[in-house]
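S.K.: Protein chains in written order, with our numbering: chain U, 9 to 216; chain G, 9 to 216; chain D, 9 to 216; chain X, 9 to 216; chain F, 9 to 216; chain E, 9 to 216; chain S, 9 to 216; chain V, 9 to 216.
In short, the hints are calculated from the structure, not lab data.
Note that the structure is predicted; figures quoted are calculated from it, not measured.
A virtual CB, placed ideally from N, CA and C, is assigned to each residue, including glycine.
Just to be clear, a hint being listed does not mean it is correct.
Listed next, with one range per pair, are the computed distances between beta-carbon atoms [as the list claims (entries may be wrong)]:
{"#": "1", "chain 1": "E", "residue 1": "Gln52", "chain 2": "V", "residue 2": "Pro59", "range": "53 to 59 Å"}
{"#": "2", "chain 1": "X", "residue 1": "Gly76", "chain 2": "F", "residue 2": "Glu73", "range": "39 to 45 Å"}
{"#": "3", "chain 1": "S", "residue 1": "Val62", "chain 2": "D", "residue 2": "Met49", "range": "40 to 46 Å"}
{"#": "4", "chain 1": "D", "residue 1": "Arg74", "chain 2": "U", "residue 2": "Leu125", "range": "28 to 34 Å"}
{"#": "5", "chain 1": "X", "residue 1": "Gly76", "chain 2": "E", "residue 2": "Asp115", "range": "40 to 46 Å"}
{"#": "6", "chain 1": "E", "residue 1": "Glu129", "chain 2": "D", "residue 2": "Gly120", "range": "53 to 59 Å"}
{"#": "7", "chain 1": "D", "residue 1": "Arg74", "chain 2": "U", "residue 2": "Gly21", "range": "45 to 51 Å"}
Here are some, though not all, of the chain F residues that point toward chain D, as calculated from beta-carbon distances under 10 Å [to be verified]:
{"#": "8", "residue": "Ala14"}
{"#": "9", "residue": "Ser20"}
{"#": "10", "residue": "Lys22"}
{"#": "11", "residue": "Ala23"}
{"#": "12", "residue": "Gln25"}
{"#": "13", "residue": "His26"}
{"#": "14", "residue": "Ile28"}
{"#": "15", "residue": "Gly174"}
{"#": "16", "residue": "Ile194"}
{"#": "17", "residue": "Asp195"}
{"#": "18", "residue": "Asn196"}
What the simulated footprint calls covered on chain G by chain D, stretch by stretch (three residues with Cβ under 8 Å from a Cβ of chain D suffice, anywhere in the stretch; the number is not a length) [unchecked claim]:
{"#": "19", "region": "66-76"}
{"#": "20", "region": "152-159"}
{"#": "21", "region": "175-183"}
{"#": "22", "region": "201-208"}
Protein chains: 8
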Amino acid sequence: MRSGFAEVIYCSGKADQHLIHIFGRIYREEGEVLGTRASEMQYQILKEHFPETVYDPVSRIIKIERDGKRRVGSIAVCTAGTADIPVAEEAAQTAEFFGSHVERVYDVGVSGLHRLLSRLEVIQSANCVVAVAGMEGALASVLGGMVDKPVIAVPTSVGYGANLHGISALLTMINSCANGIAVVNIDNGYGAGYLATQINRMGVKAHE
Amino acid sequence: MRSGFAEVIYCSGKADQHLIHIFGRIYREEGEVLGTRASEMQYQILKEHFPETVYDPVSRIIKIERDGKRRVGSIAVCTAGTADIPVAEEAAQTAEFFGSHVERVYDVGVSGLHRLLSRLEVIQSANCVVAVAGMEGALASVLGGMVDKPVIAVPTSVGYGANLHGISALLTMINSCANGIAVVNIDNGYGAGYLATQINRMGVKAHE
Amino acid sequence: MRSGFAEVIYCSGKADQHLIHIFGRIYREEGEVLGTRASEMQYQILKEHFPETVYDPVSRIIKIERDGKRRVGSIAVCTAGTADIPVAEEAAQTAEFFGSHVERVYDVGVSGLHRLLSRLEVIQSANCVVAVAGMEGALASVLGGMVDKPVIAVPTSVGYGANLHGISALLTMINSCANGIAVVNIDNGYGAGYLATQINRMGVKAHE
Amino acid sequence: MRSGFAEVIYCSGKADQHLIHIFGRIYREEGEVLGTRASEMQYQILKEHFPETVYDPVSRIIKIERDGKRRVGSIAVCTAGTADIPVAEEAAQTAEFFGSHVERVYDVGVSGLHRLLSRLEVIQSANCVVAVAGMEGALASVLGGMVDKPVIAVPTSVGYGANLHGISALLTMINSCANGIAVVNIDNGYGAGYLATQINRMGVKAHE
Amino acid sequence: MRSGFAEVIYCSGKADQHLIHIFGRIYREEGEVLGTRASEMQYQILKEHFPETVYDPVSRIIKIERDGKRRVGSIAVCTAGTADIPVAEEAAQTAEFFGSHVERVYDVGVSGLHRLLSRLEVIQSANCVVAVAGMEGALASVLGGMVDKPVIAVPTSVGYGANLHGISALLTMINSCANGIAVVNIDNGYGAGYLATQINRMGVKAHE
Amino acid sequence: MRSGFAEVIYCSGKADQHLIHIFGRIYREEGEVLGTRASEMQYQILKEHFPETVYDPVSRIIKIERDGKRRVGSIAVCTAGTADIPVAEEAAQTAEFFGSHVERVYDVGVSGLHRLLSRLEVIQSANCVVAVAGMEGALASVLGGMVDKPVIAVPTSVGYGANLHGISALLTMINSCANGIAVVNIDNGYGAGYLATQINRMGVKAHE
Amino acid sequence: MRSGFAEVIYCSGKADQHLIHIFGRIYREEGEVLGTRASEMQYQILKEHFPETVYDPVSRIIKIERDGKRRVGSIAVCTAGTADIPVAEEAAQTAEFFGSHVERVYDVGVSGLHRLLSRLEVIQSANCVVAVAGMEGALASVLGGMVDKPVIAVPTSVGYGANLHGISALLTMINSCANGIAVVNIDNGYGAGYLATQINRMGVKAHE
Amino acid sequence: MRSGFAEVIYCSGKADQHLIHIFGRIYREEGEVLGTRASEMQYQILKEHFPETVYDPVSRIIKIERDGKRRVGSIAVCTAGTADIPVAEEAAQTAEFFGSHVERVYDVGVSGLHRLLSRLEVIQSANCVVAVAGMEGALASVLGGMVDKPVIAVPTSVGYGANLHGISALLTMINSCANGIAVVNIDNGYGAGYLATQINRMGVKAHE
Ligand SMILES: Nc1ncnc2c1ncn2[C@@H]1O[C@H](COP(=O)(O)O)[C@@H](O)[C@H]1O
Ligand SMILES: Nc1ncnc2c1ncn2[C@@H]1O[C@H](COP(=O)(O)O)[C@@H](O)[C@H]1O
Ligand SMILES: Nc1ncnc2c1ncn2[C@@H]1O[C@H](COP(=O)(O)O)[C@@H](O)[C@H]1O
Ligand SMILES: Nc1ncnc2c1ncn2[C@@H]1O[C@H](COP(=O)(O)O)[C@@H](O)[C@H]1O
Ligand SMILES: [Mg+2]
Ligand SMILES: [Mg+2]
Ligand SMILES: [Mg+2]
Ligand SMILES: [Mg+2]
Ligand SMILES: [Mg+2]
Ligand SMILES: [Mg+2]
Ligand SMILES: [Mg+2]
Ligand SMILES: [Mg+2]
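Generate coordinates for the entire structure from the input sequences, incorporating the hints supplied.
M.R.: In structure tokens form, the structure reads like this:
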């Protein structure tokens, strides 16, 4: 496959028969298959047809993954709070499925900066950093100032009131005054994991 | 005067005769007078009538201030960048006019966190912190996590594009996940300086 | 603890096991514990583990509070309508948990100004005023004009139509032409109670 | 004329020849003529053709008015600040041109409620109240709570930052929890003066 | 009572005990009582305490009304579509409760102008017109151009997509180029009925 | 040329040399050339190089048009007010340049419906109607209800305050409850003229 | 019937009795009837009264259609993804009901352009193209650049986060730099099918 | 220097003395210096002090660059239209200053897809693609679907009306359904050039 990435299924809203059909087709073609935004119910249905299906209710990722896959390089996936973890896990598990090694650095939001500083080394040694944050989304800027690798910022819909369902965090990240930051859609862990893998692969080759 | 604060003139858009009239009236009544958002032109006009008038083109504050005023307590006025300084100076000089001692901690934005950390002591020893920032406005959250005194956040219109003339920074600050933060209008240095003084005065009495 | 405030749990969306774990840890460390935005269901679960847990369905605050706590100083928590009371109670009970004495001045919105005027004395004698209002949120401005202490404005999502889920009230409060007002997030009673306590403590020391 | 109101010219952006033409036509037909949003320059041009033309640079109203017009009933036009006066004058002079008696109650914004209370009698005895306010626009709600006559709220673009060029004041007024309020466009003094006159005329007949 | 209007209850979100209490109090004081935005469930509860309670599921108005009330003058309540009728009925029944005679002119939206034109006489002979419309809300402008009495425009949340839950209709109405229009909140039939009654009462007196 | 439409130049912001170059190239290739949004200054410069250049300051269209072009079929270009004419002329002259016959029906806004009704025949006999309106933009809905041919709605930035520079009119038009309406960008007369010509050409063939 | 289109019922939110009544009336008058946005439940109810009723749960279209209707001309209905199909089917089935032949070209979004290019011939030979897309909505621009027939763009609410429930796709389409595009409301398949039929009918006549 | 990137000056709004000071300091420290958003005037002033200063009025980049710098790897900078070139040049020249080889692929917007397809090879062979587009911003999605390297999307403020000064293009890009895209601020060519260089450097090392 040209892009080096198998097709991924966005499960949310897919009709059952349609989902079973695509899931099966990709599994046959690729020997493995990944779906995002899957419900518990969709898991039950797919499991009936493909008993080796695995589901993670936190990330809502569903998959059948080839054994013995090597995970290379390093992507640091960071979150501001614990409520951002579902989105972070979508990013992390997507990246892992595509063969990236992932370091999870969770709950290091800027209101308790010491926690972030204590994990700095692992962050700075990654090929790419994913910054997942809702509410005011300031984590991306702080990370951007601390690392010299690309930072992919993922605003989340975590928060309430003037968080505008994630638009506030998105705006924060888009306006970041730090260098080397770019932003994906609100709650789009998948997109961040994909892009981070593209970058990580370059980093891996660079270190070979 | 009940509130302990003299009336302040918002000069922007005031007709010349009207401005001269209020400026003179307050000067007579209070023995001193403060105006904000004054233009160079308004300064020339007021100076003709009141030669002791002083004007600062950065903060756009115009005033006649009583001699030998003691400045007590401590307010830390912090900015993310140098472009935020005009708003910070409006806050600082307003607070000083009302008798507060002000520590200026400028250009300590989150993309270069070490500069902020190196000034931490002076910030933490203030009775109140004013956080002035445009673009993504993350400074307020970082300060909120570092100090146990009230933080007054002032979003500025500094930036471009998706900064939405300051709305993005305002949203960042309103959504801050740090404790002890409240927000005033975009570019409202005056409002922050006033409120900071109210709090500083309590701090001063508390230490007496 | 440096800040003088114990950690508070934002219960909404927390997984049960995670909630029990944090609740227990803080209780052990502090001898008391406070949670906000708790559901009836979360109360049932926590009560099983910690029978002394107390829950208020109005404010949705859950807590175990040390006996014989003294509440000092004074914070006036005011609401425009009765529908704003849940947010006001979150503010009031947070402040009380942190040791502040609270005066409740509810249903004094600007469309019936006489009710507000009749309670003016208690409001003016507080160290800090919390103004809770939805719909058009005008209460904050009126209070700001009447008191010489800091006013913390809390917009609420109360209302319908063009209230924009609280954004309208937030804008009203941010644009207030009265002096000494700052704003927290929509429905953020907790944030207001925390900040009000910081200020009230200064006021208490000042009067000692 | 069916509606009892002569055609009014919105001068802003009209080409000179076009303006002269309409101005002349209405003058001939009605014996008098009113234009809004006229510039100084347009005044100079119209004056050349119609020397009896009168211009008020504050309201930007240009007109030739019949002599000896009786002004009946009463409309109270109130403003929050002095910067709202141009819009208020557009309302007041429109209403006067259409034969209404107008009471001006300026600079009675809610941050200094006593000034408003001191003028209450004149406001309450009007057939209709026009509430002109920018920034947070709270004046309309306060007036709505105090009078039992229709209140026409005019948001103005006065303010800065999060005033959103008048949208914030508009939202405040639309969300007002007081009874008997309706809102016209930002800075639309003309529209308010017109509608107030419709109501005032009914009040006048009612008192006959 | 000074305003000539009894207190009205906004039932939505009121706790049962609280609702019964206010409903009872006003009933005792006034001999009748009106509530808006009541649910079927609230009706069941109030009916138990006050068997003479009447409920209309379309307008969601709940009331006990004095017998033999005379309805005077005339208010024309118009809607663009049938989906706007619940809001229109809230307006109409509020006005009727306060003693106004109401003409209902429903489903006369601008996409079928002939239906509107066929009802023109009854509309033009009213003292006040209420224009209720969702989607693009053009009805208010068309009515404004056809009648010389005040038009109160009520945007509704009817529609989908870019109707923005009624904001689009509100903006249409606020920007109307017709004379004699003012706007209340989205779906605020009550507010329109109240204001229309204030105006209708003046018209009634004028015709006496 | 496949599409049957020559390339059109959007002149605004083009550098002089660049403009001269494209203008010349298209003129040579097509024997005629059309530019939109041209300034007076750009006209002077092009005229020097191509003396047969013609400029209309109202529509800001610049062109060299082949002689003896036949204009076929019929497009009705309607405006709500006189201030919408520049946008309407951009549409009309674009359509004429592409060989359409255009009927101009100006100043027929919904606040004076009789003017519109008096021109109905010419509108209904067109193959396509272009509805140009600012402020509340209700004209498109009214036209949509009256004709059975496609209506292309062009919101304009005409108005002030809550017109949001044309966004309000755009929303009105997008939400139209009439059948057979679609919308182009604010002030995009060119786009409407182009699309109307595509439709008109089909109508012309249909009548052959 | 003047317009050549029978009345269509927007079923969403209609009361059962009201729906049965209109459905029956149109059926009697026209010999066939079409409803959009119908629920499964409404289908059950209508089927009881009119057993020949047919329901499609994807498009949510309900109808009784005359036998042997000829479908003429050609409309290409294209979608970006599979999730846009419900809206596309509303458009397609509306157009078919009104006698148009429809070509379905689904799942040809711009992120896999080859799929679109492989179907180009069928798209280019249509009289009118309907472009249905959510998320970023770029399909309309790409189609607009490829065909010389009118493109009706239908933004859908498909997507999440910053899709703003379809507003983002709407803005993309309104700003399209391609020629010959106009836009209808979010998810408004019906409106697109209606307008496409108006155009297709002209095309059919043109080819006769 | 840790990050491998010298400090860059954002010239817009900097006071002259301040600009000269920083420009000089960086020049001394690094032997070269780069400034963005510089005005013609600022160029004149800097040239007086540093005669070797070079200015490009299109990109508004000002610099003194070391001789004989090698530019390695490949970044493809693409624009939709010619009006996007200033932003693209800011990106390209920033990347070049930091040592990247840049391929310019301008005016390949989606309304003329063949131009884009004809340049595909050079785009696909780059280590990173920068997609610069205003109006509807669809270019990023199309590029994202065609390349398997990271795409950095830069929305521009090019366009008018509903382009919302670039917000529409930003939303398009953030919602892109193509894989491997992330977005920077409106008109932020600098940010894209910086991030593209970070990625390009990894690609260069990977190919060594
Ligand atoms: N969580 C996600 N968010 C955004 N895009 C996704 C997500 N998961 C999968 N995708 C993308 O959606 C495409 C599949 O969309 P679909 O054809 O609707 O299944 C995949 O190729 C991915 O590019
Ligand atoms: N820069 C400022 N921003 C907001 N409010 C201000 C500012 N300067 C002064 N004010 C307030 O505006 C009031 C005076 O307004 P005015 O009557 O228009 O001069 C003062 O009493 C202050 O409360
Ligand atoms: N300041 C104003 N704001 C809004 N509408 C106005 C204003 N002045 C005049 N008008 C209205 O604009 C109409 C004239 O518009 P025009 O035909 O453009 O001159 C008048 O009949 C008034 O209804
Ligand atoms: N007034 C206008 N508004 C929108 N698009 C236009 C306008 N005038 C010309 N265009 C389009 O812009 C294209 C040329 O853009 P450009 O390459 O920037 O000159 C033409 O082919 C037209 O499709
Ligand atoms: Mg960095
Ligand atoms: Mg703190
Ligand atoms: Mg105060
Ligand atoms: Mg009232
Ligand atoms: Mg009227
Ligand atoms: Mg039609
Ligand atoms: Mg085309
Ligand atoms: Mg890609």
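S.K.: Next step is simple, just say for each hint if it's right about the structure.
M.R.: Here's how the hints hold up against the structure:
1. For the pair Gln52 of chain E and Pro59 of chain V, the supplied restraint of 53 to 59 Å is violated, since their beta-carbon distance comes to about 36 Å.
2. Judged by the Cβ atoms, the range 39 to 45 Å given for Gly76 of chain X and Glu73 of chain F is violated: they are separated by roughly 50 Å.
3. Evaluation of the 40 to 46 Å hint for Val62 of chain S and Met49 of chain D yields a pass: the beta carbon distance comes to about 44 Å.
4. Against the hinted window of 28 to 34 Å, the Cβ-Cβ separation of Arg74 of chain D and Leu125 of chain U comes to about 33 Å, which satisfies the hint.
5. Distance hint check: the CB atoms of Gly76 of chain X and Asp115 of chain E are about 34 Å apart, inconsistent with the given range 40 to 46 Å.
6. Between Glu129 of chain E and Gly120 of chain D the CB atoms are about 58 Å apart, so this pair conforms to the stated range of 53 to 59 Å.
7. The beta-carbon spacing between Arg74 of chain D and Gly21 of chain U, approximately 50 Å, falls within the hinted interval of 45 to 51 Å.
8. At about 14 Å, the closest approach between the beta carbon of Ala14 of chain F and any beta carbon in chain D exceeds 10 Å, and the interface hint on this residue is violated.
9. Interface restraint check: Ser20 of chain F against chain D, minimum CB-CB distance 8 Å, threshold 10 Å, status holds.
10. A distance limit of 10 Å between C-beta atoms decides the matter here; for Lys22 of chain F the minimum to chain D is near 8 Å, and the interface restraint holds.
11. Residue-level restraint check for Ala23 of chain F holds (minimum Cβ-Cβ distance to chain D is 9 Å; threshold 10 Å).
12. At about 12 Å, the closest approach between the beta carbon of Gln25 of chain F and any beta carbon in chain D exceeds 10 Å, and the interface hint on this residue is violated.
13. Checking His26 of chain F against chain D: minimum C-beta separation of about 7 Å stays under 10 Å; hint holds.
14. Interface restraint check: Ile28 of chain F against chain D, minimum CB-CB distance 14 Å, threshold 10 Å, status violated.
15. Checking Gly174 of chain F against chain D by beta carbon gives a least distance of about 6 Å; that is within 10 Å, so the hint holds.
16. A least Cβ separation of about 3 Å between Ile194 of chain F and chain D falls short of the 10 Å threshold, and the interface hint therefore holds.
17. With a least beta-carbon distance of about 5 Å to chain D, the hint placing Asp195 of chain F at the interface is held under the 10 Å criterion.
18. Hint on Asn196 of chain F holds. Least Cβ distance to chain D is approximately 7 Å, under the 10 Å limit.
19. Coverage of the region 66-76 of chain G by chain D is violated in this model, with 0 residues showing a Cβ closer than 8 Å to a Cβ of that chain against a need of three.
20. Counting residues of the region 152-159 of chain G whose C-beta sits closer than 8 Å to any C-beta of chain D gives 3, which meets the bar of three, so the coverage hint holds.
21. A stretch counts as covered by a chain when three or more of its residues have a beta carbon under 8 Å from one of that chain; for the region 175-183 of chain G and chain D the count is 3, and the coverage holds.
22. Counting residues of the region 201-208 of chain G whose CB falls under 8 Å from any CB of chain D gives 4; the rule of at least 3 is met.
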